[in-house]
Amino acid sequence: MKKKFLSIGKPYLLIAPAMAAFLLFSIYPVMSMVQLSLFDWNMISPEKDFIGLANYQKLFYDEDFRQTLLNTAVFTVFSVLGDIGLGLLIALYLKKNTLVNRIMQSVIFAPYIISLASISLLWMWLMNPDYGLLNAALEALHIPGINWLGSPQYAMLSVILICVWKSVGYDAMILLAALQSVPENLYEAAALDRASWWRKLTKVTLPMISPTLFFLTIVETIASFNVFETIQILTRGGPQNSTDTIVFSLYQYGFKFYRIGYASTIGVVLMIIMTLFTIVYFVLLSKRVHYQ
Amino acid sequence: MSEIVLKDVTKTYDKRNTVIQNLDLRIEDGSFTVLVGPSGCGKSTILRMIAGLEPLTAGEMLIDGKVVNEVKPGDRDIAMVFQNYALYPTMTVKGNIEFGLINNKIPKKEREHRITEICETVGLAEYLDRKPAQLSGGQRQRVALARAMVKNPKVFLMDEPLSNLDAKLRGQMRSELIDLHRKLSATFVYVTHDQTEAMSMATNVVLLDRGVIQQADTPFEVYQKPANVFTAQFIGSPTMNLFCRKDVAPYLTAQLPEKVHKIGFRPSRALPVADGEQPQNSLTVSGKVLTRELMGSEIIYRLLSPFGIITFKTFNEEELAPDSSVTLSIDRHSMHLFDSDGQRVEE
Chain A
1 MKKKFLSIGK PYLLIAPAMA AFLLFSIYPV MSMVQLSLFD WNMISPEKDF IGLANYQKLF
61 YDEDFRQTLL NTAVFTVFSV LGDIGLGLLI ALYLKKNTLV NRIMQSVIFA PYIISLASIS
121 LLWMWLMNPD YGLLNAALEA LHIPGINWLG SPQYAMLSVI LICVWKSVGY DAMILLAALQ
181 SVPENLYEAA ALDRASWWRK LTKVTLPMIS PTLFFLTIVE TIASFNVFET IQILTRGGPQ
241 NSTDTIVFSL YQYGFKFYRI GYASTIGVVL MIIMTLFTIV YFVLLSKRVH YQ
Chain B
1 MSEIVLKDVT KTYDKRNTVI QNLDLRIEDG SFTVLVGPSG CGKSTILRMI AGLEPLTAGE
61 MLIDGKVVNE VKPGDRDIAM VFQNYALYPT MTVKGNIEFG LINNKIPKKE REHRITEICE
121 TVGLAEYLDR KPAQLSGGQR QRVALARAMV KNPKVFLMDE PLSNLDAKLR GQMRSELIDL
181 HRKLSATFVY VTHDQTEAMS MATNVVLLDR GVIQQADTPF EVYQKPANVF TAQFIGSPTM
241 NLFCRKDVAP YLTAQLPEKV HKIGFRPSRA LPVADGEQPQ NSLTVSGKVL TRELMGSEII
301 YRLLSPFGII TFKTFNEEEL APDSSVTLSI DRHSMHLFDS DGQRVEE
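Protein chains in written order, with the numbering used here: chain A, 1 to 292; chain B, 1 to 347.
The set of hints was computed from the structure by calculation and includes no laboratory data. Hints are supplied without guarantee of correctness; some may be wrong.
[Unchecked claim] Listed next, the in silico PhoX-like pairs over lysine-lysine satisfying Cα-Cα at most 25 Å (straight line): (1) A:Lys95 / B:Lys15; (2) A:Lys96 / B:Lys15; (3) B:Lys105 / A:Lys200; (4) B:Lys72 / A:Lys96; (5) B:Lys246 / B:Lys259; (6) B:Lys94 / A:Lys200; (7) A:Lys200 / B:Lys72; (8) A:Lys200 / B:Lys131; (9) B:Lys154 / B:Lys7.
Okay, chain B solo, but in the shape it has when bound (with noise of 0.2 Å):
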């Protein structure tokens, strides 16, 4: 269990590139914070931070309330499992596992019961003396998690761990890995471009775009209250719609404040209407469907309106034919706001 503080960190590349400029971070004790960006973001970066592997070009690194800046990725107490997860090849699957508890000088014993402990609770125990190279992807990323278990860490760092893998495995090691999180009760710090992995799994999500903090709150924070258009747009699948006020305004029957520039809705908040009806404080539009496509329980439409094309999303069985003509609303309460600097207007 600890707590992780990046306080005022810069990081420059090659001192020119700068990657993350003054950036204030808490990482909670015991959560499961999910680093999540476009490529490019910093978001490994600042993992690498708080593994050890790069050092801070300013800044100070707190872990439990000690500043670490000068510690040695060994001596943190932590554990970092890698996208490409980093087995040393030439090793057996034990002696991978082994080799952290060999270095911290754990006695032989200790390690036996550590190592088939571990390897139990991944499944892993029939395949103790293969080399990484003879097993499947799935596998290798239990050895990686093993090898990071077995350490007992206070923190477990994760590179884009399951983009590797595929979709259904996925899936699957999602599930695991929040078991794993609220057994150990350590403090995972994960790191995905996947806004669906990063949704799914978090309790703390830390939105970035371009070494700066866009929003870091709880998923359901982050999705209900986009703080800004960046956020709104990453977040949520198919991405949120987002127009400018004034191309909306004649179909628009709803009062806004004054400084609103850019008005957004989920795709699954735009609503069908029924002929005739006329709904009130909301924004309604009718276009002609363009592309369907069908997710199993819902189906996401395209649909092209005078200001543009809309996506949305419906749960019901009955389809809509492509080139047929719908009336969307979208309700006063479902819409997000933002300013003319993309911030979230709060009301």
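Chain A extracted, bound-state conformation (with noise of 0.2 Å):
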């Protein structure tokens, strides 16, 4: 009896701990916060008021959040873009294995393993209006200079831009290992098969790497929808809320109004759309993706 017991629950024994962790710091969080939405709470009063879901229905008329949700997928299409179309460019430059193709990997890499605050600093520095290296190269063009981050056109734009120079590594470094992985007979084969450039590209190179596209829209995705950092040492969500991101508003809601509630219904709202964007891409792709 008790060796039967053992035999079964061994492998139960083995993953509780790792079950432990997943429970404590995922299901339980997100629990939670679901049950804070709906009520009404400051964090530091004992009392919640229940109010069902009044969080939800201001939310819904909510102008401040809908110019929110706005920016976020402004961000997130054009950085998951700039990441993904610009790292495919990197890496079918690199994919010749030359010694300055590898040295130029490591130097395009790099953004990305320094830390984002030092990045964004490196950045605000660059991109100040009046002392900034960018505004000096505008300038010895005879362009006038631009407030890169202090204008309501520009602050996006620059933000997804400092966003898709710290990220576009990782995708080319991955994107690079996809495209050596395609044998290159197949690039003879096509050769013979008269095919041009933009055939072999097309027809051969993408559908090869798509399951590498597919990880890559979905992470960026993910990662992008979730931008915080960025934008709290950069910009914090101004000028004119024009780069308030969802995750920006939560901290905001949250951590300086203390408004816990309604902060935990865009943290409810947000992970539905996150889910809904995941089967969305799974079904939209998955017949254009190619497994071997």
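With the hints as a guide, bring the two chains together.
Structure (structure tokens):
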């Protein structure tokens, strides 16, 4: 009896620590976030007021939140496109294994491993409207300087630029590995089949690396939707809410205005959006992804 | 139909590693030419140079009298079957076969017609919508063939196309390729390290070693009159027995030219002699049977003779027991003679 219990229980015993950590740090916070979204609470008072779905109702009519959603969407679309598109171009260029390209790989990858705070400070200096290097360069070309991070028109663009610059190396590296795993004789066969450069890219290369592209799209979308630190350091959502994103406003409601219930509501909505995104990606893209 | 000529071709990798030096080769129009040799002999490099996948370091490549050194692979009117087939894994069978046709801007109706025709020929009609991963090795081989055939090329290049198939299927594909060559009357250039494939399919055999052509002739001539020691030992199974003249001299009753240094003979030409018989004008030696391999219609023996191990082959059912004593005789006319440079001594 004891023996039988051991043989059945052993696997569960072995995964128990991981499961405990998962329940404690993933499932429990999600559950309590859903619960908190039904209350009005300021985090300090011992009393929580149950208000049902009132937070959701309010959020639905919240003009600022709509702006936040739009900002997040713009940021996500352009940073994902920028990361993967530019990453693919760099990877295609670096595919040839030469000494120069091997050095270039590390150079392009470097920003990814530098801390975000340092990068943000570096770019704040580069983008400074008065003494920044970017505006100095523009002035040398007789183009009027831009208030990169300080004007509502350019702030989002600047943030996207910085984020793409930081993470494009990661995408390029992953795509490079995928490109190098495409057998060379497929390109030889394509050359004998008289395929043009474009046909080789669209009919051989891209389908062959589609699982990697799919993986990057999902990972980058989730990461972009959750953008926080960059905004916090560079713009704090300003100017005029032009760079206010979902997670940043969640943080503000929760930890600056102490409206935990409302912040939790934003969190729940964010979770629902991410889930929907992933499902839609899988349904739409899985047909175009070729797994070997 | 087209003739391929390589003139004084040299191929060097990384500026140091010369694989082929000053090679001259003429591949006849409509021939089934097999490039055969041990691995690293440069046979695949020659094929890839014909395809245009490797640039020539020096020399000229002519197809149909035109220099094609600078002509792109797709514009040479050739098709190639790769060793691992190089099928596009993300396309269906139909997609694979059609890809080259679309690139050549063949109208859709014509494409459909050609694909249907070819797929019936090679027996792929019911697999058109499958991906290569869902096919067996033999079926993939057929897709690769169909992809080459559908383009109607002047030249077919094949790089060890049968090496990934099992023995039975390989035999079957050999006869199908011979058939195909007869039907298409295109020039076939085929690379293999397997001398059986070379002998069974080729109309012309080009035997290579270390980037140098050892002999280029019909399979019959290569087998009957090997130009040198390398050819003699590469072609034929089991390999030819080869001994130094001075070692076998005491057992020799035949007159040989002065410059003969080595004597070779095929295992099938070493014949057991009945007791008391004294064959003249031959090499006659006795020894002990070491091993016996029953191959079905024939039996291969290894015999320990005073000057070394002799492989011989009999076609009769009567078996010689291991450890039994046998006297073998090789007739003077069955001997292949080579000089001290390993070249054939003509008589």
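Within 25 Å, alpha carbon to alpha carbon, are Lys105 (chain B) and Lys200 (chain A)? 15 Å, holds
Check the hint pairing Lys154 (chain B) with Lys7 (chain B) against an upper bound of 25 Å on the C-alpha distance. Holds, at about 20 Å.
Sort out whether Lys259 (chain B) lies within 25 Å of Lys246 (chain B), counting only the CA atoms. 12 Å, holds
Given the proposed pairing of Lys94 (chain B) with Lys200 (chain A), does the C-alpha separation stay at or below 25 Å? 17 Å, holds
Within 25 Å, alpha carbon to alpha carbon, are Lys200 (chain A) and Lys72 (chain B)? 15 Å, holds
Between the alpha carbons of Lys72 (chain B) and Lys96 (chain A), is the straight-line distance 25 Å or under? Roughly 20 Å between the alpha carbons, so the hint for Lys72 (chain B) and Lys96 (chain A) holds.
For a C-alpha distance cap of 25 Å, please report whether Lys96 (chain A) and Lys15 (chain B) respect it. Cα-Cα ~19 Å, so holds.
Taken at face value, is the distance from the CA of Lys15 (chain B) to the CA of Lys95 (chain A) at most 25 Å? Satisfied, since the Cα-Cα distance of roughly 22 Å is no more than 25 Å.
For the pair we were handed, Lys200 (chain A) and Lys131 (chain B), check the Cα-Cα distance against 25 Å. 19 Å, holds
No hint from the list above goes unmet by this structure.
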